[in-house]
Amino acid sequence: MTSTNTEAESASTMIDGVHYHQFDIVIVGAGGAGMRAAIEAGPHARTAVISKLYPTRSHTGAAQGGMAAALANVEEDNWEWHTYDTVKGGDYLVDQDAAEILAKEAIDAVIDLENMGLPFNRTPDGKIDQRRFGGHTREHGSAAVRRACFAADRTGHMILQTLFQNCVRLGINFFNEFYVLDLVMTKVDGVDQPSAVVAYELATGELHVFRSKAIIFATGGYGKIYKTTSNAHTLTGDGVGIIWRKGLPLEDMEFFQFHPTGLAGLGILLSEAARGEGAILRNASGERFMERYTPTLKDLAPRDIVSRSMATEIREGRGAGPDKDYLYLDITHLEPAVIDEKLPDITEFARTYLGVEPYTEPVPVLPTAHYAMGGIPTTNNAEVLRNNTETVKGLYAAGECACVSVHGSNRLGTNSLLDINVFGKRAGKNAVEYVKTAPFVPLPENPTAGVQAILDMVRSGDGTERVGAIRKELQDSMDRNAQIFRTDESLSEVTKLIERLRARYKNIALQDKGKRFNTDLLEAIELGFLLDLAEVLVYSARNRKESRGGHMREDYPERDDKNFLKHTMAYLTGDPESAEAGDHIRLDFKPVVITNYPPMERKY
Amino acid sequence: MSLIEAPRSKVASPRKKRGINWEKWGWIYMRFSGIVLVVLIFGHLFVNLFAGRGVKAIDFAFVAGKLSDPFWFWWDLAMLWLALIHGANGMRTIVNDYANRRVIRRILLGSIAASTIVLLTLGTLVITTFDPCPAGAHPADVPSFCKER
Amino acid sequence: MPKRVAGTLYRGREGMWSWVLHRITGTAIYFFLLVHILDTSLVRLSPQAYNAVIDTYKQPIMGLGEIALVAAIGLHALNGIRIILIDFSSFGAKHQRAMFWVVVTLWLLLLAGFVPRQLMHIFGGGA
Amino acid sequence: MSTAVTSAAKVPEPIATFTATFIIRRFDPEVDEEPRWQDFDVEMRATDRILDALHKIKWEQDGSLTFRRSCAHGVCGSDAMRINGKNRLACKTLIKDLDISKPIYVEAIKGLPLEKDLIVDMEPFFDSFRSVNPFLMVAGPTKDGKERVQSPVERARFDDTTKCILCAACTSSCPVFWTDGQYFGPAAIVNAHRFIFDSRDEGAKVRLDILNDKEGVWRCRTTFNCTDACPRGIQVTQAIAEVKMAILRGKP
Ligand SMILES: Cc1cc2nc3c(=O)[nH]c(=O)nc-3n(C[C@H](O)[C@H](O)[C@H](O)COP(=O)(O)OP(=O)(O)OC[C@H]3O[C@@H](n4cnc5c(N)ncnc54)[C@H](O)[C@@H]3O)c2cc1C
Ligand code: HEM
Ligand code: SF4
Ligand code: F3S
Ligand code: FES
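Protein chains in written order, with this note's numbering: chain A, 1 to 604; chain B, 1 to 149; chain C, 1 to 127; chain D, 1 to 252.
Hints in this document: simulated from the structure, not taken from any laboratory. No experiment lies behind these values; they were computed from the predicted model shown. All C-beta atoms, glycine included, are put in the ideal place defined by N, C-alpha and C. It is possible that part of the hints are untrue.
[As the list claims (entries may be wrong)] Now the stretches of chain B that chain C is said to cover, found in silico as 3 or more residues with beta-carbon under 8 Å:
| # | stretch |
| --- | --- |
| 1 | 24-36 |
| 2 | 40-46 |
| 3 | 49-60 |
| 4 | 85-91 |
| 5 | 118-129 |
| 6 | 133-144 |
[What the hints assert, rightly or not] Simulated restraints on C-beta separations:
| # | chain 1 | residue 1 | chain 2 | residue 2 | range |
| --- | --- | --- | --- | --- | --- |
| 7 | B | Arg31 | A | Asp108 | 48 to 58 Å |
| 8 | C | Ile61 | B | Asn21 | 38 to 48 Å |
| 9 | D | Leu248 | B | Trp74 | 21 to 31 Å |
| 10 | A | Ala503 | C | Arg13 | 52 to 62 Å |
| 11 | D | Asp144 | A | Asp189 | 28 to 38 Å |
| 12 | C | Arg13 | B | Ala140 | 36 to 46 Å |
| 13 | D | Gly233 | B | Trp22 | 27 to 37 Å |
| 14 | B | Trp74 | D | Leu98 | 49 to 59 Å |
| 15 | C | Arg97 | A | Lys496 | 56 to 66 Å |
| 16 | A | Arg351 | B | Arg101 | 40 to 50 Å |
| 17 | C | Ile61 | B | Arg101 | 28 to 38 Å |
| 18 | C | Thr27 | B | Arg101 | 51 to 61 Å |
All chains, please: the whole structure from these sequences, using the hints.
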C-alpha cells in the first residue's frame, strides 16, 4: 500500500478483521482515466485511488500511436472536422453531442498534458508535432489530416508516466495491488445508492471497505475474453463486471474493436502510427490490397474496415506464409532514421518477438482484439446511468470501461487516449462538485457479504477443474466465433459453451491456499468476470441483426438504420446460472443522439 | 511482515543537510589524486623496482640519497599524502557499503581515520626531519656524500 | 535473526567484474601502503633497522610479492583511468566494455615488461 | 516490388517443441523459513518467452507459483526478475536466446524485501523515485493557454530517459544498492535526469541538490549492471554520469 497522506491513513479502522476507510472520492483504477480524475479530485476532496496494479503498470502505458486533437499545428484542422470523423468512424452509432465535447475539449486536454510535462515530439518551430491516423480527415473525408499528437510510439507510456508524476506531486493516496471486487449499494428511499467499494488486498488477503460519497470506476477494458489480443493479462473487465452484477446496464457490448496490425500469432500491437508514417499493408503477392477496399484513405481507413479487408484477403487465399494465414505490414521503404525517431518501440517488438528486421523485411501481422467500445453507460458528465434516463447518484465511470458513447460502433485510433483524458477529467470535476453537498450513504449491515460469497465460492472449491483450462476454452471459442465475422450460429455456439463453462467453473480447484499474494485466487475471480462479460457480449451481438462498425454479421451484412440505429442496453435480471442467457439477460435500447450529422453511407 | 530481512539497513543516517559534502569532494578527490598518483607511483616503482638493480639496490643509502634531493623529497611527500588519503577514503566507502552494524562501522571508520592521521604525521615527520647522515652510523650504511661533509 | 536473501551469483559483465577487481586491488594496496609507510619510517630510526627490514624485501618470496603488488597497482591504476574516462566523457561510457579489455591488454604488457626484469633482479646474480 | 516482398519474407519453420527445465526460487512466507529451489519441466517452443513458461507452470502444474505480470510485451515493468543470474523482464526474454541444454534459473530481483516467490516489495523502490521530485517543476501554466515551446533538439536531449517503465531491473542489479539499499539507485536518478535536462523544467537546482547527497549519485561506482539490465535500452550509467557533471557545473 502506498499512502502518501498519513492523515488519511489514520482515518482507517479495523472491525472483525476488515479494514474500514473513509474518503470523499474513491477512484477505482489507476490507468489514464483514473489518474486524470485523481488530478482533478485530489486537491479539492479527500481522494483515494485503488488499483489492482501499481499505477504505472496500467495498460494505458501500452498505447503507442497518439492522442487526437485538432491543434492545427502542422496543417489546417478544426474540432468540427474531428467531430465528424469520430461520428462517421463510429458508423453513426456515436452520440454526437458527446463526440462534440470530445473533439472540442481535446485541445485543452493535450495542452494540459503538455503543461504537466508530457514530452511530445516537436515541430521544427517547437510546437507539438502531429501525425496522420486512420479515419482522421480534413474537410469531412477529403484527405487524411495530421491530427494525432504523439511522443514517438510510446504516447500512452508518456501519458501514464506524466499523470503518475503529477499524482506524486499532489500526494494522491494510492492503494496499490488492491483488487476491488464489489460495489456496495444501500437502499435509500427505495433507490439503491452506492456507499462503498470492497477491495481485497493482494499482499495480505485482507478485505478493505472504502466508504465514500462518490465512486469513480476507471478499470479499463476486458480484452482477455479473447485469446489473440493486444490487451494485458490483467484486463479482465472486473469493473464492468461488478457494475453488471449490480443489475446496472451495460451499453453496446457487442462492439469490440479488432486492430488490424497485431504481430501474427501473438497479438502484440504494432501501432497504426506505422501506417500514419507511411507503412503499407500487403498480401502474399505484395499487393497493396487496401487500394481496392478504400481508394481514398487506403491503409488509413478506420480499423473495422481494414481488419475486415484483411480477414477477407486471408479467406480468399491471398494470405502469406505456409498456411496463408497472415499478411504483411511493410515499412521497408521508410528511412531507418525516421523509423528510429518515430517508431522505435514497435520495430523492436518485431525484432524481439518475431525475429524480423523491419528495416528490410515486411512484418507478419494479423488483426487482434483491441478495444471495448461498449461498457458502463454514462452521461456526458461521466455519471453512470441506471437506465436510459436516470443516473446513479455519486457513481461515475470513465475510460475504456465506460461507454459515453463517443466511439459508437468503432473507435477511431487516438480517440481513446483522448477519451480517458477528457472524460477522466470530467469525472473528477463532477465528483468534486457532487461531494461538496452530498452526504455519505450509510453502509448496509454487512458490506463485505458479497465479496465473502465470491471468496468462499472460489476458495471452497476442491474440485478438479483448472482456471487456466476454462479460460483457455472461453478465449479460443471467442476468437473462433465472436471475432471479426459473426453469425447467429457462431455466436450461439459461444453461449452454449459459456453455459458449460459456468458449470465447470463451480468445480474449480485452487492450489494456492494461502492468504498472501494469492494470485491463484484472483485469477479465479477474474475468470468469473470474463465469463459474465463474454456472455453479455455474445448475447448482445446475437440480437444486433445488422452489420455496423466493429460488428460484422455475415448473416446480416448490411447496416440497418431503420431497426438498429440505437444503443443496446443489457441488464442482468436473474441468476446467471440459469441455462438460457435470455433467462437472466434483458436487452433494451437507447436512442442515439444525432445533432449535425444524419447517418450516411460510410465510404472512404 | 516477511521472514526475509529487508535489505534497507537501519544504519545509514537519515538524509540530513550537509556542512561539507564529503561524498562529492571525496569523489572529485579520488579522480584528481588518481591521475596524479599514476605518475607518482609508476615513477616511484620504476626507480625503485625496475631501474638498475631493482629492489636489491634499496637500502638506507639509496633512500637517504633520494630524500636529500629536493625533487624526490617533494615527490615522496606528495605521494604519501595523496595515496594515503586516496586509500583511506576508498576504504571509508567500502566500510560504509558493507559494515551494516553501527558499532562495527564506527570502529572501522574510526580506525581508518586514526591510522591515517598517525601515518600521515609519522610519514611527514620522517620525510621532513630526515637526516641522511645520522651521527654514529656506520659509514657503509650512509650515502657516499656523507663523507664529504 | 531473519535470513538474508541469497540467490545465485549475479552474472554481471565487464563493468561489474572490473569494479570487483578495483575494490579488491584498492584494498590490497591500502594495506600494503600502511605497512610500507611504517617500514620506510625506520629510516628515521637508524640505518641498521631500515636495512634489516628492507633486506627481507629482497627475499625471493617477497620478490614474488612485489610482482603481485605491481600487478595490483597496475590494474587498479589502469582501471582507475578507465573509470575517470567514463566519468568525464560520453566516449568513455559508450566504450567502457572495450576499454576494459584495453586495460587488461595494457596490464599484461606492463607485467610482460616488469615480471622478467623482476625475476632477473631476484633470482639473477648480483647482491 | 511484389517479388521482393515475398522473397524477403520470413517463412516460419514448423513449430518444434522441446522440454526445458526451470529451476525456480520459491518462497512462501506462510510456510517457508527460507527460500528453496524447485524444478519444473515445461514443454516449450523456441519463440516462447520466460513469461509463457511461468504461465504454463502456474496454469498447468502449480497454481501457487506467484509472480507479477501484466502487458506481456515489455512496456509495463511488472515482471523484472533474475533469469540465469541476470535481471531481465520475463516477457522480453525468449527461450531461443537461452541455452536450454542447461536448466534455466529464475529468481526474484535482489536488494528488495522478498515477499513471495518472484514478488518483492516495491515500496522502497518507489520511495526513492518519489524523493527526486519526479515531475515537471514550473511556476505555473503558460500564459497564452498553449503549449510550452521546445525545439526538437531540446526534446531530444532527454529522450532516452523518458523511456523508463520503473521496472526496477536496474536498481536491483546494482551492487551498491544491494549493500544496504540506502542508495537512491539508478532508476530514481534516471527519472531525475529526465527532468533535469528538460528545457521546460525550472527545478533542476532542487533535484541536483537532492542527488548531491550521501546516498545520491556519488555512490554510483560505474559498474554498468544497470545499463546491461535495462529492458528499455536506456544508457543508465551515462545518464548518471551526466547528472554528476551537472552537479559539478551547478546547472544542467
Ligand atoms: C496496445 C494498445 C495500444 C493502444 N494505442 C492507443 C493509441 O495509440 N491511441 C489511443 O487513443 N488509444 C490507444 N489504445 C487504447 C487506450 O490505450 C486504452 O483504451 C486506454 O488507455 C484505457 O485507459 P483506462 O484508464 O480506461 O484503463 P487502463 O489504463 O487499462 O487502467 C485500468 C486500471 O484499472 C485498474 N483495475 C482494473 N480492475 C480493477 C479492480 N478490480 N480493482 C482495482 N483496480 C482495477 C487497473 O489496475 C488499472 O490501473 C491502445 C490500447 C492498447 C491495448
Ligand atoms: C595508481 C594510481 C591510482 C589511480 C589512477 C586510482 C584511481 C582510483 C579511482 C578513480 C577510484 C574511484 C573508483 C570509483 O569511484 O569507482 C579509486 C578507488 C580506490 N582506490 Fe585508487 N587509484 C590509484 C592508486 C591507489 C592506491 C595507491 C591505493 C591504496 C592506497 C588505492 C586505493 C583505492 C581504494 C581502496 C579505492 C576504493 C575502491 C572502491 O570504492 O570500490 N588506489 N582509485
Ligand atoms: S531505467 Fe530501465 S531498468 Fe531502470 S527502472 Fe527504468 S526501464 Fe527499468
Ligand atoms: S549498477 Fe549501480 S554502480 Fe552505478 S552504473 Fe549502475 S548505478
Ligand atoms: S509483463 Fe509488462 S513488462 Fe513484462
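Against the structure, the hints:
no., hint, verdict
1, 24-36, "holds (count 3)"
2, 40-46, "holds (count 3)"
3, 49-60, "holds (count 9)"
4, 85-91, "holds (count 4)"
5, 118-129, "holds (count 6)"
6, 133-144, "holds (count 5)"
7, B:Arg31 / A:Asp108: 48 to 58 Å, "holds (50 Å)"
8, C:Ile61 / B:Asn21: 38 to 48 Å, "holds (45 Å)"
9, D:Leu248 / B:Trp74: 21 to 31 Å, "holds (29 Å)"
10, A:Ala503 / C:Arg13: 52 to 62 Å, "holds (54 Å)"
11, D:Asp144 / A:Asp189: 28 to 38 Å, "violated (49 Å)"
12, C:Arg13 / B:Ala140: 36 to 46 Å, "violated (56 Å)"
13, D:Gly233 / B:Trp22: 27 to 37 Å, "holds (34 Å)"
14, B:Trp74 / D:Leu98: 49 to 59 Å, "holds (58 Å)"
15, C:Arg97 / A:Lys496: 56 to 66 Å, "holds (60 Å)"
16, A:Arg351 / B:Arg101: 40 to 50 Å, "holds (48 Å)"
17, C:Ile61 / B:Arg101: 28 to 38 Å, "holds (37 Å)"
18, C:Thr27 / B:Arg101: 51 to 61 Å, "violated (19 Å)"
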